[in-house]
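Novice: Go by the hints and put chain S onto chain F.
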Amino acid sequence: MVDGLTLWKQLLQVQEPWVVQACRADEFNRCMAVWIGVEAPRSWFGLGRQRVAQGGAEASWRHTGFGGWRVQVHVRVPTGSEMPRHPWAGEAGMPFTRALDRQILSLLNEGVSMNGVCAILDLPVAEVWRYRYALDHGRHAVTSTEAQPASVVISDGAAPPVAPPAAPISSRVPDLDDPVWQRLMDGTLALDVRVLGLQLLLSRTRSQVALIADEEVRRMKLRDLHRYFVKNERMLVHELRQLLPEAA
Amino acid sequence: MSALENGLMGLDDAAALIEAGHFLMIAGDEALLRSLPAGNWMGGTIPYFMGSDGGQVSRDRLFVTRVPVDAGRPEIRSYDITSIDHVCADGPMNGFSLIIIPAFSAVHSLYARKAPGFEDMFIKPVAGWVAGCHLDDLGRVAPLVVSGPGLDFDAERAVVMHVPLPPDRYAHVHIANVMRQGEGAVLRFPDTGFSAGRCTVDGVDTTLAAYLEACQADLRLPLVADYGGASVNVSIKGVDRVAGRVDFYAPVFEDVAYRLAAPVDFSADPEAEAGGEAALWSCNCILNYLYCGLEGRRGAAPGGPMTFGEIAYLLLNQTQVFLEIEEL
Numbered sequence: 000m001v002d003g004l005t006l007w008k009q010l011l012q013v014q015e016p017w018v019v020q021a022c023r024a025d026e027f028n029r030c031m032a033v034w035i036g037v038e039a040p041r042s043w044f045g046l047g048r049q050r051v052a053q054g055g056a057e058a059s060w061r062h063t064g065f066g067g068w069r070v071q072v073h074v075r076v077p078t079g080s081e082m083p084r085h086p087w088a089g090e091a092g093m094p095f096t097r098a099l100d101r102q103i104l105s106l107l108n109e110g111v112s113m114n115g116v117c118a119i120l121d122l123p124v125a126e127v128w129r130y131r132y133a134l135d136h137g138r139h140a141v142t143s144t145e146a147q148p149a150s151v152v153i154s155d156g157a158a159p160p161v162a163p164p165a166a167p168i169s170s171r172v173p174d175l176d177d178p179v180w181q182r183l184m185d186g187t188l189a190l191d192v193r194v195l196g197l198q199l200l201l202s203r204t205r206s207q208v209a210l211i212a213d214e215e216v217r218r219m220k221l222r223d224l225h226r227y228f229v230k231n232e233r234m235l236v237h238e239l240r241q242l243l244p245e246a247a
Numbered sequence: 000m001s002a003l004e005n006g007l008m009g010l011d012d013a014a015a016l017i018e019a020g021h022f023l024m025i026a027g028d029e030a031l032l033r034s035l036p037a038g039n040w041m042g043g044t045i046p047y048f049m050g051s052d053g054g055q056v057s058r059d060r061l062f063v064t065r066v067p068v069d070a071g072r073p074e075i076r077s078y079d080i081t082s083i084d085h086v087c088a089d090g091p092m093n094g095f096s097l098i099i100i101p102a103f104s105a106v107h108s109l110y111a112r113k114a115p116g117f118e119d120m121f122i123k124p125v126a127g128w129v130a131g132c133h134l135d136d137l138g139r140v141a142p143l144v145v146s147g148p149g150l151d152f153d154a155e156r157a158v159v160m161h162v163p164l165p166p167d168r169y170a171h172v173h174i175a176n177v178m179r180q181g182e183g184a185v186l187r188f189p190d191t192g193f194s195a196g197r198c199t200v201d202g203v204d205t206t207l208a209a210y211l212e213a214c215q216a217d218l219r220l221p222l223v224a225d226y227g228g229a230s231v232n233v234s235i236k237g238v239d240r241v242a243g244r245v246d247f248y249a250p251v252f253e254d255v256a257y258r259l260a261a262p263v264d265f266s267a268d269p270e271a272e273a274g275g276e277a278a279l280w281s282c283n284c285i286l287n288y289l290y291c292g293l294e295g296r297r298g299a300a301p302g303g304p305m306t307f308g309e310i311a312y313l314l315l316n317q318t319q320v321f322l323e324i325e326e327l
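Residue numbers (numbering that gives the first Met the number 0), protein chains in the order written: chain F, 0 to 247; chain S, 0 to 327.
If we strip away everything but chain F, and leave its shape as in the complex, we get (with noise of 0.2 angstroms):
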């Protein structure tokens, strides 16, 4: 059986050092509020050192629901520390957390209208007005690639796929649709690797992806993959050399 903080730091992908300290469910208005914070540091090689401080400032977003609930998350910031730029959690001053920003800004982008958000998320109508006057005062932006983590899939379809780096116009690096990417992760394409970086980052991925049956996680992988060779292309003289004869 799953207790009740486990089962949210799932729900929400909470990460260490972050924990689920308390969840309350308020049945009468169907609403969950959950409290997150920073876990005490363990101490290691038995050195004692001091405790990372647990004051500090409660922060407080409106979550995208869950099964017809709303959800409230509460986020204790030690003092010192940013505030985290997770999904879980929003900016300051905002009402929203970032997957809720996101799924509003997406439902705007096809035109839905403030009361249609409004009706289809379940949110108050004025603090989507709040959060309009915002954007629209550009005081708050919502970047593709903020708190989306690597290796986590969104899990309530609300955010579109981050789009790969396009390469550059005189990229020798094969497109991300060819099928050189897939044999290169799943390891049937060997290379004669000398760039550290590219050594670790094989290795991790080719682990992880003989782990991994869900087909959009392993795309996400293979964009990875495509997305180092275009960064780093300049250093990968002796792998491109390699890998072009191999590309469709």
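Be aware that a few hints might be false.
Said to hold, decoys possible - What follows is a set of in silico ranges between Cβ atoms, one per label pair, in the way DEER data are often shown:
#1 S:Leu-150 / F:Gly-66: 50 to 56 angstroms
#2 S:Met-92 / F:Arg-182: 25 to 31 angstroms
#3 S:Glu-326 / F:Arg-205: 31 to 37 angstroms
No lab work stands behind these hints: they were computed from the structure. Every residue gets a Cβ at the ideal spot worked out from N, C-alpha and C, and that includes glycine.
Specialist: Chain S alone, transformed into the frame defined by chain F:
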């Protein structure tokens, strides 16, 4: 770059470089670092170095590396356990990030265990080291890092310098590691962590402590993982035979296969790494300093601090790390 701008030097020379406005990474004893003026530098505590005249422990010299400023002003900032996962994502699109982490801190532990999953890890170059202390002070003195602009000394946060490069240059991080996987059993661990009890040895469930005892392992030899041709070490800190537990200086990962390193001659002279002479910066491991008896002996160029951990993307042990700036 002259030796005066990249190497061991006294306090006055380092202070002069700071006051000239250069961006610097500085390694040295805490008292010396506290005597430096505010400026465009980041630092970490360590009194062990490999200089042009050999390995040495010094409380009155600093190892200074001048960072190129050719494509905009580098950014110096600190990261704690809540933000360290963005260290690569925050790096420049073309450039590199230098990092110093205080040893034994929570951010040290978190980086070591979680870095492979950080956003943009491996995509953008990150290199650096783990600040330490004199071994006589172990357990009494906290390793520190310093953010030079505010002279902020910190035992719990990492300090990072994000350095942009012009389009005709790129950063290249590489390593020199004399350790290779031996011919022994394949070791796998059920959990990621800095200590291990149970493990599988060629698929048979046992404890690592029992395996090391059975093969009378030289505990100076690390466990070695093969990451696609790159040998990555996990050094052994100690074995608690009663508890059946082995402690490490870096974590073992649950999804990685290890073997004990093949025997090496610790008294052999260090071999020069190809390209090492041209490196902007390098660091090596305090364990190599101790096990290889490097005090007073020349090591591979270009020298640098002998640290409590080396960072070439991941936290490494018993490895020399190089950062080179290549031109097209």
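Novice: Does the beta carbon distance between S:Leu-150 and F:Gly-66 stay inside 50 to 56 angstroms, or does it fall outside?
Specialist: Holds - the Cβ-Cβ distance for S:Leu-150 and F:Gly-66, about 52 angstroms, lies within 50 to 56 angstroms.
Novice: Given the hint of 31 to 37 angstroms, check if S:Glu-326 and F:Arg-205 actually sit that far apart at their C-beta atoms.
Specialist: Because 32 angstroms falls inside the window, the suggested range holds.
Novice: If you check the beta carbons of S:Met-92 and F:Arg-182, does the distance land in 25 to 31 angstroms?
Specialist: 28 angstroms, holds
Comparing the model with each numbered hint stated earlier shows that all of them hold.
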